[in-house]
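> Assemble the dimeric complex from its two separately framed chains, guided by the hints.
Order-wise, the sequence lines are chains W and F. Residue numbers for the first sequence follow the working numbering, beginning at 34 and rising by one. Residue numbers for the second sequence follow the working numbering, beginning at 203 and rising by one.
Simulated from the structure, these hints should not be mistaken for lab results. Just so you know, these numbers come straight off a predicted model, no measurement behind them. Incorrect hints may have been included.
Unchecked claim - Residues on chain W that point at chain F, a partial pick, calculated with CB under 10 Å: (1) Y69; (2) S76; (3) M78; (4) A129; (5) T137; (6) P142.
Said to hold, decoys possible - The calculated BS3-like cross-link candidates involving lysine-lysine, where the alpha carbons are at most 30 Å apart (straight line), are: (7) K88(W) / K53(W); (8) K205(F) / K240(F); (9) K74(W) / K218(F); (10) K240(F) / K272(F); (11) K205(F) / K88(W); (12) K74(W) / K97(W); (13) K97(W) / K53(W); (14) K272(F) / K205(F); (15) K97(W) / K205(F); (16) K74(W) / K240(F); (17) K205(F) / K74(W); (18) K205(F) / K99(W); (19) K74(W) / K99(W); (20) K53(W) / K240(F); (21) K88(W) / K99(W); (22) K240(F) / K218(F); (23) K47(W) / K97(W).
All C-beta atoms in this analysis are idealised placements derived from N, C-alpha and C, irrespective of residue type, glycine included.
Take a look at the letters that make up each chain.
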Amino acid sequence: GAVVSQHPSWVICKSGTSVKIECRSLDFQATTMFWYRQFPKQSLMLMATSNEGSKATYEQGVEKDKFLINHASLTLSTLTVTSAHPEDSSFYICSAFRTSGTDTQYFGPGTRLTVL
Amino acid sequence: AQKVTQAQTEISVVEKEDVTLDCVYETRDTTYYLFWYKQPPSGELVFLIRRNSFDEQNEISGRYSWNFQKSTSSFNFTITASQVVDSAVYFCALSEAPDSWGKLQFGAGTQVVVTP
Numbered sequence: 034g035a036v037v038s039q040h041p042s043w044v045i046c047k048s049g050t051s052v053k054i055e056c057r058s059l060d061f062q063a064t065t066m067f068w069y070r071q072f073p074k075q076s077l078m079l080m081a082t083s084n085e086g087s088k089a090t091y092e093q094g095v096e097k098d099k100f101l102i103n104h105a106s107l108t109l110s111t112l113t114v115t116s117a118h119p120e121d122s123s124f125y126i127c128s129a130f131r132t133s134g135t136d137t138q139y140f141g142p143g144t145r146l147t148v149l
Numbered sequence: 203a204q205k206v207t208q209a210q211t212e213i214s215v216v217e218k219e220d221v222t223l224d225c226v227y228e229t230r231d232t233t234y235y236l237f238w239y240k241q242p243p244s245g246e247l248v249f250l251i252r253r254n255s256f257d258e259q260n261e262i263s264g265r266y267s268w269n270f271q272k273s274t275s276s277f278n279f280t281i282t283a284s285q286v287v288d289s290a291v292y293f294c295a296l297s298e299a300p301d302s303w304g305k306l307q308f309g310a311g312t313q314v315v316v317t318p
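The shape of chain F in the complex, shown without the other chains (with noise of 0.2 Å):
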């Protein structure tokens, strides 16, 4: 069964718009890793963030920002005045259990493309 969903596909916006970008996770843990990562066209993951289960604060750091919400199992990121470069797959993915900690489950990805 699939433990990470991000069910949009492909998000196209125009530069200086806002984007968020959904992430919905399924675990039976109480202790779990929560992570977004940028795959930009050469192919390399980029690390953007990392979130453990008793952390629900949100996190803004430039112009990302992520929205964590354990009662709805959520961990929605948001890029706010998009730019060209922010054109990538972005993987949401969970890490769960101490014992399988570094096994990351990745969702299938969205696509931004941001044109001018």
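This is chain W alone, in the form it adopts within the complex (with noise of 0.2 Å):
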């Protein structure tokens, strides 16, 4: 089955410094990404929509300068937590979505992100 990436799988940072994060489809082409984030003990909450070639898409609530994203290429989407502070700490996970043959979305395993 395709297989979407996530680097790093998890990372520990100081307050103040910004954090990249990688989505890659490893075997399919990807122009729509999506970025979720979960914070402990909690569901999935869309941040937003990544598209290749063109501004993301945020989700009513997230900070579009706080999150930087960029979709550069159709295998690789970056999340950049810009000025990370300790409220920032949570698990990060993307998604491709492949539209050839049946329209099918792949979750990558997740970046757990701490900010001290």
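Shown next as structure tokens:
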């Protein structure tokens, strides 16, 4: 089956620094990728839709200047958490949407971010 | 407004018991998809099933079965003869309308604990 990878799988950083998380579709091209955030013992919340070659679409309440999304190629989307603070500590999960054949979404394994 | 409701926060069963997870959804669209995902302690989402709104047939896959009832807007999930490996958080999710394919709205999740 299709595979989506995320890097890093976990990261610890100091408050005020920026962290970049990569999401790659390994064996298919994805014009659309999604970024979700999951706080401990909570559900997944969609943060933004990442479209290849265009600006990301952010969900209500998500700061676009804080969570920078770049989808520069058909297999890579990056999420940069700028000036991270402890409240940004969360599990970030991406998904890639495969539109060839049956429309199917594949999730990455997630990235656990801890901001000290 | 919450579009996917999983009223059961946690269900504890003894191995070999059956467990049914409830999911009630809300949508005005006539075309939509419903999903179930499993999230073990590792955090990685495991896809279980996708069902489109036009297919109300119940489905069985091994020990898993799903009951989709449009009349009650429910998409319930049953694990038969539960095993310890079934311990995880299970999420029901909804994807609406063609222009939002891929954007998943998750329920709060149900923690299933299976003890030997």
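> Now, for every hint given, state plainly whether the structure supports it.
For each hint, the structure was consulted:
With its C-beta approaching chain F no nearer than about 8 Å, Y69(W) sits inside the 10 Å limit, and its interface hint holds. Because the smallest distance between the Cβ of S76(W) and any Cβ of chain F comes to about 5 Å, under 10 Å, the interface hint for this residue holds. Checking M78(W) against chain F by beta carbon gives a least distance of about 8 Å; that is within 10 Å, so the hint holds. The beta carbon of A129(W) comes within 9 Å of a beta carbon in chain F, closer than 10 Å, and the hint placing it at the interface holds.
The restraint placing T137(W) at the interface with chain F holds, with a minimum CB-CB distance near 8 Å, inside the 10 Å limit. Evaluation of the P142(W) hint against chain F yields a held restraint, the C-beta minimum of about 4 Å falling below 10 Å. Taking the CA atoms of K88(W) and K53(W), the gap is about 17 Å. The hint holds against a cut of 30 Å. Only pairs whose Cα atoms come within 30 Å are accepted, and K205(F) paired with K240(F) is accepted, the gap being roughly 19 Å.
Proposed proximity of K74(W) and K218(F) is supported: the alpha carbons are some 26 Å apart, at most 30 Å. Restraint check for K240(F) and K272(F): the C-alpha separation of about 23 Å stays at or below 30 Å, so the hint holds. The hinted pair formed by K205(F) and K88(W) meets the criterion: a straight-line CA distance of about 27 Å does not exceed 30 Å. As the CA atoms of K74(W) and K97(W) are separated by approximately 25 Å, the hinted pair is consistent with the 30 Å bound.
At roughly 14 Å between alpha-carbon atoms, K97(W) and K53(W) fall within 30 Å of each other, so this suggested pair holds. With a C-alpha separation of about 14 Å, the suggested pair K272(F) and K205(F) falls inside the 30 Å cut-off, and the hint holds. A hinted pair counts as satisfied when its Cα atoms are at most 30 Å apart, and K97(W) with K205(F) qualifies at roughly 24 Å. Straight-line distance between C-alpha atoms of K74(W) and K240(F) comes to about 14 Å, which keeps the hinted pair within the 30 Å bound.
A threshold of 30 Å between alpha carbons decides the hint, and for K205(F) with K74(W) the separation of about 19 Å falls inside it, so the pair holds. Under the criterion of a C-alpha separation no larger than 30 Å, the hint pairing K205(F) with K99(W) is consistent with the structure, at around 27 Å. Distance check on the hinted pair: K74(W) and K99(W) sit about 23 Å apart at the alpha-carbon level, within 30 Å; holds. With a C-alpha separation of about 27 Å, the suggested pair K53(W) and K240(F) falls inside the 30 Å cut-off, and the hint holds.
A hinted pair counts as satisfied when its Cα atoms are at most 30 Å apart, and K88(W) with K99(W) qualifies at roughly 14 Å. For the hint pairing K240(F) with K218(F), the CA-to-CA distance comes to about 19 Å; that is within 30 Å, so the pair holds. Distance hint between K47(W) and K97(W) is fulfilled; the C-alpha atoms sit about 21 Å from each other, no more than 30 Å.
In this structure, none of the earlier numbered hints is contradicted; all agree with it.
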